[in-house]
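Enquirer: Sequence:
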Amino acid sequence: MFLASYLLAALAVILAWPAPIMLSRARWTARSPETALVLWQAIALAGGLSMIGAMLTWGLEPLGENLLQGLRGLTGLLLDDSPAAGLDLIHVFALSAALLLTVHLVFTLLLTYYKIRKQRGRHRDLLNLLSSPSADSPRTLVINHPAPVAYCLPGGGGSVTVLSNGLLELLSPEELQAVMTHEKAHLDQRHDLLLWAFAAWRSALPWLPTSKLARTAVNELTEMLADDHALKTSDRETLVRAIAVVAAGERPQPGAGAVATGVGDPAKALLGAAETETFVTAHRLRRLLSPVPGLGRPAQSAVLLGSALLLAVPTVLLVAPGLAS
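So for the sequence shown, the working numbering puts the first residue at 942; every next one is plus one.
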């Protein structure tokens, strides 16, 4: 399994560094956010599988020609205390590293989920004290705050959308409907699960710069997906105005900003916001103000096929016999 371990290691390096950087800089992702999200998930899963698989196949090489044979040999070694020719300290180290990385990734995933659930629970308790149900929209809470705020709080059957009085005062009914549809899309499409997974990846591998790139990209793509859903019931100009009002914290005066006049780049008015939020909002506004055709079906199919191959290649390398040198 020497060859398999080398190929898996090479694939792990590619998926941990150049591939995420190239994808984060690609322009086609805004044309098909859903397809791009599938590719991001494939990169993350295949990368983790390749990292663990490279160490596992190296460690099991003396015990079999592929992963299944190696695991059977390791099981016999542990249960029957049978001798294992060629299983030296280096192979034991590789097996230990594979086990530790697997436990670390799974533990971080579960720990991140626990922390998120705990934070949401505390947040929901505060909302129960500080908010009141909306008279016009079900599963919607209103908080008394002058700043325009709109977000969703996932929680299965208890998911809610949270709005502020400031937002209700600034937005027109049409703009408010666009915001509500946007937030509802986040809940219906369970974007929180995607964000949880990539937040766990970032926590598990903070030394990997591309884990931050991935989390930012996935956050941006989920926002674009929600925008696309909102455009099914609202016109583009209404949605742009609503996003600009929420981002700027006030309604632009005629002639004072790009959104009000319909010219220029409204993203420039958002430089005072938090860096990541500014980056995402600016890209959303540019995408809405300068729409481009969606990614063609052949291109989407090619990306989906590539995503499937990313998952298939490490799987085949792990189980295919005859890859030992």
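Hints are computed from structural coordinates only; laboratory data are not their basis. Model, not experiment: these values are computed from the prediction. Hints may contain errors.
[Said to hold, decoys possible] Now the in silico label distances, taken between C-beta atoms and shown as ranges:
{"id": "1", "residue 1": "V1033", "residue 2": "K1173", "range": "52 to 62 Å"}
{"id": "2", "residue 1": "E1178", "residue 2": "V1047", "range": "42 to 52 Å"}
{"id": "3", "residue 1": "T1219", "residue 2": "Y947", "range": "35 to 45 Å"}
{"id": "4", "residue 1": "L1246", "residue 2": "Y947", "range": "18 to 28 Å"}
All residues carry an ideal CB built from backbone N, CA and C; glycine is no exception.
Enquirer: Could you say whether the range 52 to 62 Å given as a hint is met by the Cβ separation of V1033 and K1173?
Expert: For V1033 and K1173 the Cβ distance comes to about 57 Å; the hint holds.
Enquirer: Has the hinted range 35 to 45 Å been met by the Cβ atoms of T1219 and Y947?
Expert: 43 Å, holds
Enquirer: Could you check the hint for me, namely that L1246 and Y947 are 18 to 28 Å apart, CB to CB?
Expert: 25 Å, holds
Enquirer: Using the beta carbons of E1178 and V1047, state whether their distance is inside 42 to 52 Å or not.
Expert: Since the Cβ atoms of E1178 and V1047 sit about 47 Å apart, the hinted range of 42 to 52 Å holds.
In this structure, every one of the numbered hints holds.
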